[in-house]
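Participant: For the numbering used here, add 13 to where a residue sits in the sequence shown, where the first one is 1.
Treat the hints as calculated values from the structure; they're not laboratory data. Incorrect hints may have been included.
Claimed, not checked - The calculated DSSO-like cross-link candidates involving lysine-lysine, where the alpha carbons are at most 27 Å apart (straight line), are:
{"id": "1", "residue 1": "273", "residue 2": "69"}
{"id": "2", "residue 1": "69", "residue 2": "199"}
{"id": "3", "residue 1": "40", "residue 2": "22"}
{"id": "4", "residue 1": "40", "residue 2": "53"}
{"id": "5", "residue 1": "22", "residue 2": "53"}
{"id": "6", "residue 1": "69", "residue 2": "53"}
{"id": "7", "residue 1": "273", "residue 2": "199"}
As the list claims (entries may be wrong) - Simulated restraints on C-beta separations:
{"id": "8", "residue 1": "208", "residue 2": "48", "range": "43 to 49 Å"}
{"id": "9", "residue 1": "121", "residue 2": "71", "range": "46 to 52 Å"}
{"id": "10", "residue 1": "248", "residue 2": "169", "range": "16 to 22 Å"}
{"id": "11", "residue 1": "275", "residue 2": "234", "range": "45 to 51 Å"}
{"id": "12", "residue 1": "232", "residue 2": "204", "range": "41 to 47 Å"}
{"id": "13", "residue 1": "275", "residue 2": "107", "range": "26 to 32 Å"}
{"id": "14", "residue 1": "71", "residue 2": "27", "range": "43 to 49 Å"}
{"id": "15", "residue 1": "252", "residue 2": "273", "range": "31 to 37 Å"}
{"id": "16", "residue 1": "27", "residue 2": "70", "range": "41 to 47 Å"}
{"id": "17", "residue 1": "231", "residue 2": "71", "range": "52 to 58 Å"}
{"id": "18", "residue 1": "164", "residue 2": "231", "range": "27 to 33 Å"}
{"id": "19", "residue 1": "69", "residue 2": "169", "range": "51 to 57 Å"}
Glycine residues also receive a C-beta, built at the ideal position from the N, C-alpha and C atoms.
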Amino acid sequence: MSNARPLPKPNPEITDYEWDVTPYRVKILFDSLQQLLSQKQENLDYIDDENQWLRKQLDSRIERTYNPILPSLPEIILWAIIGLILTVGCTFIEAHTVNFPWLWNNQELAIPTLGVSYQIGAVLFIGCVAGRHAALLSQLTYVILGLCGVPIFESGGGWHYLSEPNFGYLVGFVFGAWLCGHLAFKRLVYLDGLIVSCGAGLLVIHATGILYLTILYYIQGLGTGINSLIEGISLYSLALLPGQLAVICATVTISYMLRKLMFC
14 MSNARPLPKP
24 NPEITDYEWD
34 VTPYRVKILF
44 DSLQQLLSQK
54 QENLDYIDDE
64 NQWLRKQLDS
74 RIERTYNPIL
84 PSLPEIILWA
94 IIGLILTVGC
104 TFIEAHTVNF
114 PWLWNNQELA
124 IPTLGVSYQI
134 GAVLFIGCVA
144 GRHAALLSQL
154 TYVILGLCGV
164 PIFESGGGWH
174 YLSEPNFGYL
184 VGFVFGAWLC
194 GHLAFKRLVY
204 LDGLIVSCGA
214 GLLVIHATGI
224 LYLTILYYIQ
234 GLGTGINSLI
244 EGISLYSLAL
254 LPGQLAVICA
264 TVTISYMLRK
274 LMFC
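Could you put together the complete structure from these sequences and hints?
Facilitator: Encoded structure:
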């Protein structure tokens, strides 16, 4: 046995003494089993890599042939009504969050406000779950009703709202909701796709609002208390973005789960 090939220990927990007194036939058996396990693991890794490649190819082909099942006209009208109700209701519901769980031992459970309402979430939610047509119709109806005097805007309603600095953001709801719905149904539903859709919608809303704000500033000014355009943009856009992004995170999550349940 002195000329026998030395074999490595199969487990580092085995002491040198235990391995030295182990019969050589047993060592060979351990070594053979280890080689067999290594070979099986390599085969499993290869199969796993192959499955991932096939999955990517399948997803790519499905996306190329993906034809989303868009709502019919009655469904569009129904979703538009739901979107209108949600937008109106969420306009007056302030968004809140809770403090971090690891702070609960040192602090009481706190529910601080995010400084925004759930309105932006309702606007983009309809686009994510019902598509561009229902989203466009719901927000267009919302703006028209508000201008006609129905008190559904944050500070009431009526034609005088055209001179309000934040009216451009309401107009942006129409374009942002349409874009969000358009992008949300261009491909299979994925979290990253809905994030991009909502992000694009939010960007259009703020771009439209800032454009309207700029025009209004040079025509009549932005009212008392706002002395510059930068101050107006900061007040109506920058200050609200963190809270709106938090609301959008919840919107994306709810929309994703609902789309999965709806198989669309």
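Participant: Does each hint fit the structure? Answer for all of them.
Facilitator: Evaluated hints:
1. 273 / 69: 20 Å, holds
2. 69 / 199: Answer holds: residue 69 to residue 199 is near 18 Å, not above 27 Å.
3. 40 / 22: OK: residue 40 and residue 22 at ~8 Å, within 27 Å.
4. 40 / 53: 20 Å, holds
5. 22 / 53: 20 Å, holds
6. 69 / 53: Holds, at roughly 24 Å.
7. 273 / 199: 15 Å, holds
8. 208 / 48: 43 to 49 Å: Holds: the Cβ-Cβ distance is about 47 Å, inside 43 to 49 Å.
9. 121 / 71: 46 to 52 Å: With a Cβ separation near 51 Å, residue 121 and residue 71 satisfy 46 to 52 Å, so the hint holds.
10. 248 / 169: 16 to 22 Å: Given range 16 to 22 Å: holds, Cβ gap about 19 Å.
11. 275 / 234: 45 to 51 Å: 47 Å, holds
12. 232 / 204: 41 to 47 Å: 42 Å, holds
13. 275 / 107: 26 to 32 Å: Because 29 Å falls inside the window, the suggested range holds.
14. 71 / 27: 43 to 49 Å: Cβ of residue 71 to Cβ of residue 27: about 46 Å, so the range 43 to 49 Å holds.
15. 252 / 273: 31 to 37 Å: The hint (31 to 37 Å, Cβ to Cβ) holds, given that residue 252 and residue 273 are roughly 34 Å apart.
16. 27 / 70: 41 to 47 Å: About 45 Å separates the Cβ atoms of residue 27 and residue 70, which means 41 to 47 Å holds.
17. 231 / 71: 52 to 58 Å: 55 Å, holds
18. 164 / 231: 27 to 33 Å: 29 Å, holds
19. 69 / 169: 51 to 57 Å: The hint (51 to 57 Å, Cβ to Cβ) holds, given that residue 69 and residue 169 are roughly 53 Å apart.
Hint compliance for this structure: no hint is broken.
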